[in-house]
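Those protein sequences? They're chains A and B, same order as listed.
Using UniProt numbering, the letters of the first sequence correspond one by one to residues 1 to 418.
Using UniProt numbering, the letters of the second sequence correspond one by one to residues 1 to 418.
Hint data in this document are derived by calculation from the structure and do not stem from the laboratory.
A hint or two may mislead.
Pairs count within a copy or across copies, as identical chains cannot be separated in the list.
[What the hints assert, rightly or not] Heads up, simulated BS3-like pairs for lysine-lysine below, C-alpha to C-alpha not over 30 Å straight-line:
#1 Lys298 / Lys309
#2 Lys298 / Lys58
#3 Lys62 / Lys309
#4 Lys9 / Lys337
#5 Lys112 / Lys237
#6 Lys298 / Lys173
#7 Lys112 / Lys91
#8 Lys309 / Lys13
#9 Lys237 / Lys20
#10 Lys188 / Lys14
#11 Lys93 / Lys110
#12 Lys110 / Lys337
#13 Lys14 / Lys171
#14 Lys20 / Lys60
#15 Lys173 / Lys337
#16 Lys54 / Lys112
Number of protein chains: 2
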Amino acid sequence: MASSQINVKEQAKKAQIAGKALSILSTNDKNEALLIIADELEKNYSFLLNENQKDLDKGKEKNFDSAFMDRLLLTKERVNDFANGLREVVKLKDPTSEIVSEWTLENGLKVKNVRVPLGVIGMIYEARPNVTVDATGLALKSGNAIILKGGSSALSSNKAIVSVIHEALNKTKIPVDAVQFIASTDRKATEQLFTLKQYIDVLIPRGGGSLIETVVTKATIPVLETGVGNVHIYIDKEADVEKALNIIINAKTDRPAVCNALETVLIQKDWFMNHKDLLISKLNEYNISVHGDKEAVKMIPGSVEAVEKDWAEEYLSLDLAVKLVNDIQEAITHIEKYGTKHSEAIITENQNIAEQFLQEVDAAAVYHNASTRFTDGSALGYGAEIGISTQKLHARGPMGLPALTTTKLQISGNGQIR
Amino acid sequence: MASSQINVKEQAKKAQIAGKALSILSTNDKNEALLIIADELEKNYSFLLNENQKDLDKGKEKNFDSAFMDRLLLTKERVNDFANGLREVVKLKDPTSEIVSEWTLENGLKVKNVRVPLGVIGMIYEARPNVTVDATGLALKSGNAIILKGGSSALSSNKAIVSVIHEALNKTKIPVDAVQFIASTDRKATEQLFTLKQYIDVLIPRGGGSLIETVVTKATIPVLETGVGNVHIYIDKEADVEKALNIIINAKTDRPAVCNALETVLIQKDWFMNHKDLLISKLNEYNISVHGDKEAVKMIPGSVEAVEKDWAEEYLSLDLAVKLVNDIQEAITHIEKYGTKHSEAIITENQNIAEQFLQEVDAAAVYHNASTRFTDGSALGYGAEIGISTQKLHARGPMGLPALTTTKLQISGNGQIR
Numbered sequence: 001m002a003s004s005q006i007n008v009k010e011q012a013k014k015a016q017i018a019g020k021a022l023s024i025l026s027t028n029d030k031n032e033a034l035l036i037i038a039d040e041l042e043k044n045y046s047f048l049l050n051e052n053q054k055d056l057d058k059g060k061e062k063n064f065d066s067a068f069m070d071r072l073l074l075t076k077e078r079v080n081d082f083a084n085g086l087r088e089v090v091k092l093k094d095p096t097s098e099i100v101s102e103w104t105l106e107n108g109l110k111v112k113n114v115r116v117p118l119g120v121i122g123m124i125y126e127a128r129p130n131v132t133v134d135a136t137g138l139a140l141k142s143g144n145a146i147i148l149k150g151g152s153s154a155l156s157s158n159k160a161i162v163s164v165i166h167e168a169l170n171k172t173k174i175p176v177d178a179v180q181f182i183a184s185t186d187r188k189a190t191e192q193l194f195t196l197k198q199y200i201d202v203l204i205p206r207g208g209g210s211l212i213e214t215v216v217t218k219a220t221i222p223v224l225e226t227g228v229g230n231v232h233i234y235i236d237k238e239a240d241v242e243k244a245l246n247i248i249i250n251a252k253t254d255r256p257a258v259c260n261a262l263e264t265v266l267i268q269k270d271w272f273m274n275h276k277d278l279l280i281s282k283l284n285e286y287n288i289s290v291h292g293d294k295e296a297v298k299m300i301p302g303s304v305e306a307v308e309k310d311w312a313e314e315y316l317s318l319d320l321a322v323k324l325v326n327d328i329q330e331a332i333t334h335i336e337k338y339g340t341k342h343s344e345a346i347i348t349e350n351q352n353i354a355e356q357f358l359q360e361v362d363a364a365a366v367y368h369n370a371s372t373r374f375t376d377g378s379a380l381g382y383g384a385e386i387g388i389s390t391q392k393l394h395a396r397g398p399m400g401l402p403a404l405t406t407t408k409l410q411i412s413g414n415g416q417i418r
Numbered sequence: 001m002a003s004s005q006i007n008v009k010e011q012a013k014k015a016q017i018a019g020k021a022l023s024i025l026s027t028n029d030k031n032e033a034l035l036i037i038a039d040e041l042e043k044n045y046s047f048l049l050n051e052n053q054k055d056l057d058k059g060k061e062k063n064f065d066s067a068f069m070d071r072l073l074l075t076k077e078r079v080n081d082f083a084n085g086l087r088e089v090v091k092l093k094d095p096t097s098e099i100v101s102e103w104t105l106e107n108g109l110k111v112k113n114v115r116v117p118l119g120v121i122g123m124i125y126e127a128r129p130n131v132t133v134d135a136t137g138l139a140l141k142s143g144n145a146i147i148l149k150g151g152s153s154a155l156s157s158n159k160a161i162v163s164v165i166h167e168a169l170n171k172t173k174i175p176v177d178a179v180q181f182i183a184s185t186d187r188k189a190t191e192q193l194f195t196l197k198q199y200i201d202v203l204i205p206r207g208g209g210s211l212i213e214t215v216v217t218k219a220t221i222p223v224l225e226t227g228v229g230n231v232h233i234y235i236d237k238e239a240d241v242e243k244a245l246n247i248i249i250n251a252k253t254d255r256p257a258v259c260n261a262l263e264t265v266l267i268q269k270d271w272f273m274n275h276k277d278l279l280i281s282k283l284n285e286y287n288i289s290v291h292g293d294k295e296a297v298k299m300i301p302g303s304v305e306a307v308e309k310d311w312a313e314e315y316l317s318l319d320l321a322v323k324l325v326n327d328i329q330e331a332i333t334h335i336e337k338y339g340t341k342h343s344e345a346i347i348t349e350n351q352n353i354a355e356q357f358l359q360e361v362d363a364a365a366v367y368h369n370a371s372t373r374f375t376d377g378s379a380l381g382y383g384a385e386i387g388i389s390t391q392k393l394h395a396r397g398p399m400g401l402p403a404l405t406t407t408k409l410q411i412s413g414n415g416q417i418r
């Protein structure tokens with residue numbers, strides 16, 4: 001334990017020193033490095049797949065479920081996707097070249113507010129090897145060093161990926177130390193990251209609610225909180241039937257396991273009474289399991305009665321909570337109580353009601369007549385994203401490259417005093 | 001203790017509800033309210049001064065030092081200053097009316113990124129009654145509710161100020177509950193604020209290092225860290241003598257107790273040898289007590305030898321640490337080790353050396369040939385400030401009204417699914 005303590009701290013120190021060298025490299029130097037990493041990953045796919053097999057074997061022993069095993073799995077195609085992801089990052093604008101604003105004071109002082117890298121990013125995530133590559137690409141492009149701590153079930157895969165990245169970095173101007181990997185499976189090693197404020201500028205936890213909660217509670221370093229989405233759609237009295245049904249089905253079934261997927265639908269009672277047959281047949285067609293409130297459960301065949309935790313839960317499956325409400329006010333009150341301020345939608349043809357919803361609901365993204373599945377960096381045109389922030393400070397919603405930067409005031413004078 | 005627990009939580013809940021109502025008020029409604037508060041403060045100055053006397057009496061009993069007593073003191077003139085400060089805030093642009101960006105996706109979705117209030121701000125500060133008024137003004141103008149927890153030594157003064165604010169709010173559209181004051185002197189009451197994440201969106205600690213450290217370590221709510229400034233000025237070999245001396249004296253003596261005041265001067269050895277007589281006579285003239293490194297202490301009459309803690313300390317007095325260095329690299333390394341990333345300056349006529357310093361030194365504000373005293377919202381043209389952020393996330397340097405807002409994506413469609 002004492003040795004892992006020294007280790008993590010030493011890694012963080014090295015990352016900080018490397019980050020300083022990286023922070024002043026040109027955009028070209030950084031892009032070239034990303035392209036070399038992409039090529040090396042593709043060249044080494046069979047090594048990566050071999051190492052991945054070790055994790056898969058252990059996962060099988062531990063009887064992980066199929067969704068988990070699928071996220072863990074590497075294939076040649078997926079390795080190519082990693083590489084192409086990096087090539088996409090190369091195309092994104094380098095945020096650190098930007099002068100945010102510039103002005104001259106009456107006393108002649110010239111003030112320039114410039115965008116600069118954060119320094120060192122600590123990335124804590126679950127057993128998804130793709131995050132190892134994605135996060136590294138975004139960190140390096142924005143001039144930041146990164147410390148990676150992936151889920152222990154993907155240890156061999158991540159180790160292999162990082163070894164290829166390190167080999168590649170040897171051929172570039174980016175110091176190898178700019179990418180640090182915590183190879184320990186000891187929880188204590190992760191927790192050491194939480195307080196290394198002297199070396200790490202921000203922690204980004206990416207994964208389930210309990211991982212994020214642990215980091216937020218224990219860290220003294222600033223945290224960029226990502227992603228738990230208890231997403232609601234409110235079907236207003238004046239909702240168009242086709243739009244409502246299409247959006248419910250899309251938001252629930254397109255990718256049920258992601259954070260912008262629908263979890264609870266709030267339906268205005270009159271609308272429900274008028275359209276329940278169509279709604280029920282659609283829900284059946286897509287194998288959606290309904291957890292209904294007291295009234296709904298009586299009218300929806302095969303549904304079970306929702307208990308308190310159904311309203312708060314992120315199912316991440318084909319389960320759907322259904323609550324009948326009298327009006328938009330009841331819907332908003334429910335969302336305020338149970339929502340996680342991620343993505344919330346209203347379906348209505350009434351523009352005033354829509355405006356009220358867009359203004360009053362407090363979330364990273366609020367929608368009128370569209371699927372909540374669009375809360376995503378690439379879908380919204382931001383390019384790649386490091387995660388979706390559900391906090392209000394620094395960055396809210398999908399976080400692209402600018403979220404990995406800060407600003408600095410550069411002030412030039414000729415002897416001004418106050 | 002149980003009762004204070006319920007109390008603080010209830011106050012936070014009320015603030016949240018009031019904040020929602022406040023968040024949708026017009027700029028005019030908010031400005032009118034601030035003007036009424038300003039008038040009421042002026043009208044009630046004798047009540048405020050009476051209540052302030054209770055704090056002053058207690059402070060005398062406790063033998064607080066004269067600087068502390070001065071910060072605590074209210075006078076008719078100071079109350080007028082509070083009111084005029086609010087009238088200045090009225091003139092500032094309302095940040096919440098701003099559309100940050102707007103675009104249409106290929107699928108026809110219209111995306112609007114709008115600036116909205118954070119919600120509820122928790123302000124934790126020391127015995128400075130002016131913060132009660134300043135912070136309230138900035139919070140209300142930006143559409144936020146505020147929970148105030150001031151230092152116990154100013155309890156009677158703060159209570160009185162808040163009672164006048166509440167009276168005034170009764171005549172406005174802003175709910176009285178939008179300004180909550182924690183009247184308890186129990187430390188436990190303050191600590192409850194740290195974890196009321198459901199109701200409070202951000203904590204802003206303003207005061208000395210230990211107050212800030214406590215909040216950062218114990219809070220699970222995001223914190224906007226303000227202000228400890230261990231400020232350095234590096235006098236380069238090619239520094240102009242007059243600029244260097246003027247800036248050292250200004251940055252050290254103009255207001256020694258503030259965070260942008262100079263604490264350590266790093267002097268290139270050749271420059272020091274050439275100009276030490278002038279420098280020493282200036283330092284003497286302004287009663288500056290020098291803590292010099294091994295070399296400097298031998299050459300500066302009346303100086304004492306600096307120990308390790310001198311390099312890390314924020315003196316906030318007429319003490320000054322002096323270290324002789326060989327070159328800019330040694331200066332930067334020293335700043336990296338001991339600096340608090342607040343304000344750092346270089347004095348030189350060499351443009352390349354200046355550029356290197358501005359680029360490589362990591363701080364909220366970096367200066368070339370100017371006094372560090374300009375790191376201040378009003379001096380830089382931001383208008384009033386809620387504090388100076390020394391963190392990198394969300395806001396860096398002086399924080400004006402926009403730092404008290406977040407953004408929200410409002411997305412409108414006609415049935416788009418993914």
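Hint check results:
1. In the homo-oligomer, the alpha carbons of lysine 298 and lysine 309 lie at most 30 Å apart inside one protomer (19 Å), although the nearest pairing across protomers, at 72 Å, exceeds that limit.
2. Taking identical chains as interchangeable, the C-alpha atoms of lysine 298 and lysine 58 are never at most 30 Å apart, the minima being 45 Å within one chain and 67 Å between chains.
3. Only within a single protomer do lysine 62 and lysine 309 lie at most 30 Å apart by alpha-carbon distance; the minimum there is 28 Å, versus 53 Å between protomers.
4. In this assembly of identical chains, the alpha carbons of lysine 9 and lysine 337 lie at most 30 Å apart only when taken from different copies (16 Å versus 41 Å within one copy).
5. In this assembly of identical chains, lysine 112 and lysine 237 lie within 30 Å of each other by CA distance solely across copies; the values are 25 Å between and 52 Å within a copy.
6. In this assembly of identical chains, the alpha carbons of lysine 298 and lysine 173 never lie at most 30 Å apart, being 66 Å within a copy and 45 Å across copies at closest.
7. With identical chains, the CA atoms of lysine 112 and lysine 91 are at most 30 Å apart both within one copy (26 Å) and between copies (24 Å).
8. Taking the closest pair of Cα atoms, lysine 309 and lysine 13 come within 30 Å of each other only across two copies (22 Å); inside a single copy the shortest separation is 43 Å, beyond that limit.
9. In this assembly of identical chains, the alpha carbons of lysine 237 and lysine 20 lie at most 30 Å apart only when taken from different copies (25 Å versus 57 Å within one copy).
10. In this assembly of identical chains, lysine 188 and lysine 14 lie within 30 Å of each other by CA distance solely inside one copy; the values are 20 Å within and 40 Å between copies.
11. With identical chains, the CA atoms of lysine 93 and lysine 110 are at most 30 Å apart both within one copy (26 Å) and between copies (23 Å).
12. In this homomeric assembly, lysine 110 and lysine 337 come within 30 Å of each other (Cα to Cα) only across copies, at 28 Å, whereas the closest approach inside a single copy is 48 Å.
13. Taking CA atoms no more than 30 Å apart as the test, lysine 14 paired with lysine 171 passes inside one copy only; the shortest distance there is 19 Å, against 59 Å between copies.
14. Proximity of lysine 20 and lysine 60 under a CA criterion of 30 Å is satisfied in neither setting, with 42 Å inside one chain copy and 50 Å between copies.
15. For the homomeric pair lysine 173 and lysine 337, the shortest alpha-carbon distance between copies (25 Å) is at most 30 Å, but the shortest distance inside one copy (50 Å) is not.
16. With identical chains, the CA atoms of lysine 54 and lysine 112 are never at most 30 Å apart, being 52 Å at best within one copy and 47 Å at best between copies.
Checked against the numbered hints listed earlier, the structure breaks hints 2, 6, 14, 16; every other hint is satisfied.
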